[in-house]
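Engineer: Residues per chain are reported as follows:
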Amino acid sequence: MPQSASAVVIRHLTKSYRRGGQVVPVLNDISFDIATGDFVALMGPSGSGKSTLLNLIAGIDRPDSGELRVGGVDINGLDEAELADWRSRNVGFIFQFYNLMPVLTAFENVELPLLLTGLSARERREHVDMALTMVGLADRITHYPSELSGGQQQRVAIARAIITDPAILVADEPTGDLDRAAAEDVLVLIERMNRELGKTIIMVTHDPHSAQHARSVKHLEKGLLAD
Amino acid sequence: MHLLKLILRNALRHKLRTLLTVLGLLVAILSFGLLQTVVDAWYSGAAAAAPDRLVTRSSVSLMVPLPAHYRDKIRAIDGVRAVAAANWFAGIYQEPKNFFPQFAIDAVSYLAMYPEYRIPDDQLRAFLRDRKGAVVGRKLAQTYGFKVGDVVPLRGTIFPGTWEFVVRAIYDGATPRTDTSQFFFHWDYLNESVRTRAPQRANQVGVFVVRVNDAGRAAEISAAIDAEFGNSAAETLTETEQAFQIGFVKQTEAIVIAIRIVSFVVIFIILAVMANTMAMTARERRAEYATLKALGFGPGFLGSLIFGESLAIALIGSALGVALTFPVAHWFGAKMGTLFPVFAVSASTVWLQAACAVVVGVAAAVIPALRAARVRIVDGLRAVG
Chain S
1 MPQSASAVVI
11 RHLTKSYRRG
21 GQVVPVLNDI
31 SFDIATGDFV
41 ALMGPSGSGK
51 STLLNLIAGI
61 DRPDSGELRV
71 GGVDINGLDE
81 AELADWRSRN
91 VGFIFQFYNL
101 MPVLTAFENV
111 ELPLLLTGLS
121 ARERREHVDM
131 ALTMVGLADR
141 ITHYPSELSG
151 GQQQRVAIAR
161 AIITDPAILV
171 ADEPTGDLDR
181 AAAEDVLVLI
191 ERMNRELGKT
201 IIMVTHDPHS
211 AQHARSVKHL
221 EKGLLAD
Chain C
1 MHLLKLILRN
11 ALRHKLRTLL
21 TVLGLLVAIL
31 SFGLLQTVVD
41 AWYSGAAAAA
51 PDRLVTRSSV
61 SLMVPLPAHY
71 RDKIRAIDGV
81 RAVAAANWFA
91 GIYQEPKNFF
101 PQFAIDAVSY
111 LAMYPEYRIP
121 DDQLRAFLRD
131 RKGAVVGRKL
141 AQTYGFKVGD
151 VVPLRGTIFP
161 GTWEFVVRAI
171 YDGATPRTDT
181 SQFFFHWDYL
191 NESVRTRAPQ
201 RANQVGVFVV
211 RVNDAGRAAE
221 ISAAIDAEFG
231 NSAAETLTET
241 EQAFQIGFVK
251 QTEAIVIAIR
261 IVSFVVIFII
271 LAVMANTMAM
281 TARERRAEYA
291 TLKALGFGPG
301 FLGSLIFGES
311 LAIALIGSAL
321 GVALTFPVAH
331 WFGAKMGTLF
341 PVFAVSASTV
351 WLQAACAVVV
361 GVAAAVIPAL
371 RAARVRIVDG
381 LRAVG
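Chains as they are written, first to last, in my numbering: chain S, 1 to 227; chain C, 1 to 385.
These are computed hints drawn from the structure, not numbers from a lab.
Any given hint could be a false lead.
[What the hints assert, rightly or not] Reference excerpt, derived from the structure (chain S facing chain C, CB under 8 Å, subset only): (1) F93; (2) N99; (3) V103; (4) L115; (5) L116; (6) G118.
[Unchecked claim] Each computed EDC-like pair below joins lysine to aspartate or glutamate, with the alpha-carbon atoms no more than 20 Å apart: (7) S:K222 - S:D64; (8) C:K335 - C:D122; (9) C:K5 - S:D64; (10) C:K132 - C:D188; (11) C:K147 - C:D188; (12) C:K15 - S:E147.
All C-beta atoms in this analysis are idealised placements derived from N, C-alpha and C, irrespective of residue type, glycine included.
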């Protein structure tokens, strides 16, 4: 697999959706790189295409055209099964609404991605304990999501995102559903993942305060890079 | 293990919905089992028939009797081991609704042909000694409280007058599927009485039960018997006991078909209910399926979750339904009295119930599983919040 100095290489990327028989362009000839270990905030108004761009980088959506290399891999060339496998090993997801499984405890939610690896139960337990300790929830392992605050749920989601040690974390409005104090805690935690663990982080936000935690900011306007 | 845990916890997320679905399945599988048991009961006579027993009757109709002297001619045919006369009596015990089968029989030879009727030796001897004696089945005795020594009056319909019989023996069945709802008495007693009351109807037999040495020659011997009486005033039709019994069921086949159809309609209805439940469940969890896909879980895992949950609910409801079928069938059979001589849940009914449960569980999950497998991650994630 060819190595790349950039974690993400984007060239002439376009994406459009069909709505009611009409083609609606969302991203229009986007090109830029994200360096390994960077913490990028993607900003822009609603409909600017920032979440779509994040989805493409994370491999959960496909572009219409253009080149997209993540970690040196042309992910657009992968079939669905290969892409799922690639995501499980290379991408950690942090969603706005946490997206935890409500029937699983904090421990089980964090353990979930490890079920796709060949780790033993003991090894999984060690990893999960470590991840939950890192996000400050070692004492909440048996709690279900409904028994946790929004901030705590998002920290469980962050532990789940880093549990397989992916190179890239993608966060879509990770503080959008949190109060200011909880949002700050989560942003500091994400910042630590970048600084201490060297994760490349791409975060979509429309909150300038959240973007201040990033090392760099990319603005999108109507499917184009504004800077 | 994790998959199983997730399936069970998902199944219990909406406890009321799951409980109602399980209840629906219980009722459907129970109803299906009972209806199948009714059908089995209908065919119980044919199922209990022995391959070495033939029945000879008039080729015109079962209502037309045969001359009693045919007995000796049939016995003389090569391959015939024994012959016994039997007349349908159709008497009324107290009131018409108290129906049970009554036969006037050649006692010694007839009972020897039916080893599945277990009669204590002393009672059998007492019956054979008493020309007005009767043998009653255990179920019949229990239904009407008959005991050995009781006098049972029957009001004749085919053979007019009031006939009194003394219960001399009570027979048990060799297996639970043996008909013990019958009433037997001596053909000689019937014939002697008829000779005095209506001489023109004496020496007539409803059917001859014929036992052959080799069941493999049943067709050949049947043909030989019928050939013996060909071109006579009373031609015969001989068939195996099973074919004879099925002939009876055929007369009411439309009812049996209707019962069968209803039993499967019940299953189809619960399938629709179950499919709706699973579709609703899968729709509510679109975001979770999308999240699992984003994390790298494939369509197979999502399919397993949905199929597993559907099967778990279906099997729990069905297991309860199957378990309840036995006591309910027992109660129902007792309530029906001698209308259904044998009313027992068969192994094939239980297997059918289990098969229906699996079919319902799998079929209900097919469309939700396909939808979950095909859901685009970005579309599924939009379903949050």
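Engineer: Against this structure, judge whether each hint is valid.
Structural biologist: Comparing the hints with the structure gives:
1. F93: 5 Å, holds
2. N99: 4 Å, holds
3. V103: Holds: closest Cβ of chain C sits about 4 Å from V103 (chain S), inside 8 Å.
4. L115: Hint holds; L115 (chain S) Cβ to chain C Cβ min 6 Å, cut 8 Å.
5. L116: Because about 5 Å separates L116 (chain S) from the closest Cβ in chain C, which is inside the 8 Å limit, the hint holds.
6. G118: Check failed: Cβ of G118 (chain S) comes no nearer than 14 Å to chain C, outside 8 Å.
7. S:K222 - S:D64: 17 Å, holds
8. C:K335 - C:D122: Roughly 32 Å between the alpha carbons, so the hint for K335 (chain C) and D122 (chain C) is violated.
9. C:K5 - S:D64: Violated. K5 (chain C) to D64 (chain S) sits at ~40 Å, over the 20 Å cutoff.
10. C:K132 - C:D188: 10 Å, holds
11. C:K147 - C:D188: Given that 20 Å is the threshold and the Cα spacing comes to 23 Å, the pair is violated.
12. C:K15 - S:E147: Cα-Cα ~19 Å, so holds.
Going through the hint list in order, the structure does not satisfy hints 6, 8, 9 and 11.
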